[in-house]
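Student: What follows is the residue order along each chain.
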Amino acid sequence: MKGGIRLFYSRLLRVKEIGSLSGLLIIIIIFSLLSGKFLTRENFIGIFTITSELGIIAIGVCFLMIAGEFDLSVGSVFAVAPMIGALLGKIGVPMVGAFFVSLFASAVIGYFNGLIVIKTGIPSFIVTLGAMMFYRGVLLAVSGGFTITFMGEDTAFLDALGGKIFMGMRASGIWFIAATIIFSIVLNNTKYGNHVFAVGGNPGTAKALGINVNRVKLINFVLCSVMAGLAGFTMFGRFHSIDPTAGSLHELEAIASAVIGGALLTGGYGSIVGAFIGAFLIGVMRSGLILAGAPSYWYQGFIGVVLVISVIINTKIRKAVAG
Amino acid sequence: MTGAASITQEERDKKIREYLVYMENVTVRFGKVVALRDVNFSVKKNEVVGLLGDNGAGKSTLIKALNGYHQVDGGEIYFNGERTNFQSPRDARDVGIETAYQDLALVNLMSISRNFFLGRELVMGNRFFKFLDKRKMDEVAAHSLAEVGLRNIREMHETVNFLSGGERQAIAIGRASYFGAKLLILDEPTAALSVAETEWVLRLVSEAKEKGLSVIIITHNAYEAYEVSDRFVVLQHGKNYADLKREETNAKELIEVIAGRK
Ligand SMILES: Nc1ncnc2c1ncn2[C@@H]1O[C@H](COP(=O)(O)OP(=O)(O)OP(=O)(O)O)[C@@H](O)[C@H]1O
Ligand SMILES: [Mg+2]
Numbered sequence: 034m035k036g037g038i039r040l041f042y043s044r045l046l047r048v049k050e051i052g053s054l055s056g057l058l059i060i061i062i063i064f065s066l067l068s069g070k071f072l073t074r075e076n077f078i079g080i081f082t083i084t085s086e087l088g089i090i091a092i093g094v095c096f097l098m099i100a101g102e103f104d105l106s107v108g109s110v111f112a113v114a115p116m117i118g119a120l121l122g123k124i125g126v127p128m129v130g131a132f133f134v135s136l137f138a139s140a141v142i143g144y145f146n147g148l149i150v151i152k153t154g155i156p157s158f159i160v161t162l163g164a165m166m167f168y169r170g171v172l173l174a175v176s177g178g179f180t181i182t183f184m185g186e187d188t189a190f191l192d193a194l195g196g197k198i199f200m201g202m203r204a205s206g207i208w209f210i211a212a213t214i215i216f217s218i219v220l221n222n223t224k225y226g227n228h229v230f231a232v233g234g235n236p237g238t239a240k241a242l243g244i245n246v247n248r249v250k251l252i253n254f255v256l257c258s259v260m261a262g263l264a265g266f267t268m269f270g271r272f273h274s275i276d277p278t279a280g281s282l283h284e285l286e287a288i289a290s291a292v293i294g295g296a297l298l299t300g301g302y303g304s305i306v307g308a309f310i311g312a313f314l315i316g317v318m319r320s321g322l323i324l325a326g327a328p329s330y331w332y333q334g335f336i337g338v339v340l341v342i343s344v345i346i347n348t349k350i351r352k353a354v355a356g
Numbered sequence: 026m027t028g029a030a031s032i033t034q035e036e037r038d039k040k041i042r043e044y045l046v047y048m049e050n051v052t053v054r055f056g057k058v059v060a061l062r063d064v065n066f067s068v069k070k071n072e073v074v075g076l077l078g079d080n081g082a083g084k085s086t087l088i089k090a091l092n093g094y095h096q097v098d099g100g101e102i103y104f105n106g107e108r109t110n111f112q113s114p115r116d117a118r119d120v121g122i123e124t125a126y127q128d129l130a131l132v133n134l135m136s137i138s139r140n141f142f143l144g145r146e147l148v149m150g151n152r153f154f155k156f157l158d159k160r161k162m163d164e165v166a167a168h169s170l171a172e173v174g175l176r177n178i179r180e181m182h183e184t185v186n187f188l189s190g191g192e193r194q195a196i197a198i199g200r201a202s203y204f205g206a207k208l209l210i211l212d213e214p215t216a217a218l219s220v221a222e223t224e225w226v227l228r229l230v231s232e233a234k235e236k237g238l239s240v241i242i243i244t245h246n247a248y249e250a251y252e253v254s255d256r257f258v259v260l261q262h263g264k265n266y267a268d269l270k271r272e273e274t275n276a277k278e279l280i281e282v283i284a285g286r287k
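Protein chains in written order, with this note's numbering: chain B, 34 to 356; chain V, 26 to 287.
Hints in this document: simulated from the structure, not taken from any laboratory.
We put the beta carbon where it would ideally sit given N, CA and C, even for glycine.
Mixed in with the good hints there might be a few duds.
Quick partial rundown of chain V residues pointing at chain B, CB under 8 Å, derived from the structure [as the list claims (entries may be wrong)]: (1) Pro114; (2) Tyr126; (3) Ala130; (4) Val148; (5) Thr184; (6) Phe187.
Label-pair ranges, simulated between beta-carbon atoms [said to hold, decoys possible]: (7) Ser43/B with Gly285/V: 50 to 60 Å; (8) Asn247/B with Asp128/V: 38 to 48 Å; (9) Ser43/B with Arg160/V: 42 to 52 Å; (10) Leu298/B with Asn151/V: 32 to 42 Å; (11) Ser281/B with Phe187/V: 49 to 59 Å.
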């Protein structure tokens, strides 16, 4: 019997998301006790909307982190993509077309991030920090710092991306869930996913066994950036306007989501479902603190604490099950 | 010793045609360091070659130049009669060259079976969607590792981080021998092994030879090398130093040669 319990316990620890999931539950319980309005359907739908935009970014960031690289420019891309969409829409380009042009532009940004990292060997942290500042600067210059609003009639497509679908739930939530499922399957159940783990875990070994390390990294940079562009577009779908400062700090929150979800900063380990939970946890904290009546300043501080605690717990669990 | 210049064109063509591996005047540089300078190296079909030399002599670099891990800065490499242009070890694996590396064997945070099949994953599904056949990979890995004596490992899902040095090495060797079709390269396979495990590796080399494979075995242990090899190539400071047939020498002499005293 005792052996059975121990086996169950060790199996449970082996679930990569166990740390973040327990954290999420604890925080939900705390906030439900603090505010009666917290544990309501409306509130959770609201949380999920905020979470979706951050979460879609976090999935891409997590996927790239597992391959051993960072992308700090996702917050800027999050605004660049819809900005391109809005500007194209303004001159009469159909929204569907504008959407794909924007995603393509996001892909190109990701491609250049990856290319510079691979060709120069400069850490991606620095390269994408530069990219983050550069594209944010371009955004502010192009928009003059003002919010750009899309006045077109053609909003059906935008609604499909970020509009309300049922019970106040927004379409972005569907994209978030779909992306989580797809990326999770690719990561855990395909050849490519196996290569992603290997490239992040030990690029030398990956190369020695015939995996094209640079190609994997490049693809992941592109995917990460496209996800950020997609997330930006779902926000555009929600507001039909785009503020050139949108997405600031999303890069750090996305990394925080991935890390809370168990991803290793050094690559080779992580979970997409974990990043999903991590993003959700951040959304829960934001909403819970507001409902609990805490001044909004507390939000950041609170996330910081949760981030560090979760890394401590995740590290302990990982050391126990994966070494 | 014998340079490429000292043989006639016909002899050279014949060697290229008949040998499994023919490397000629291979040079590899790392920045200013010349790791290999005009090295000649060959392996006949069904031959076991012991590649010897002191630390830093260039042994690992030579086999990495052969299997496409490093690109050469000079020289030509032929495999099975054809000039190779391996851009990556993937190309070498595709033609039947498997390597158990000294330093790059496994990804620590990945499971045993994922490591075993890294770069050679088994998939199932249709033309559009292919998924890892995890069950099959676990089965095959468990089976092959049991065959190579790793019977204590039950969980193919466990990460290799928890394994001992010998077990890790055994996985790398087991993998190479499982996939190796023509040439098996073992870079210091016995460095982390116990006496019994070392015997297992040497037996594996003999079995590979019986199956018709060629083997390159790198080791610092002249006795081990002498036990299984048909021929010995000794490198020193990135250059050819000696090339001895088994009949011409013995383990004691090999030690002297490796140390550069002979
Ligand atoms: N990637 C690299 N970058 C720079 N120098 C390298 C690299 N790989 C090897 N060298 C250098 O090339 C030389 C030969 O190294 P190599 O690893 O081939 O030696 P070795 O014969 O395998 O030695 P050992 O028995 O210690 O494994 C050494 O001087 C080494 O420092
Ligand atoms: Mg070596």
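Student: Checking each numbered hint in turn, tell me which of them this model violates, lowest number first.
Tutor: 8, 9 and 11
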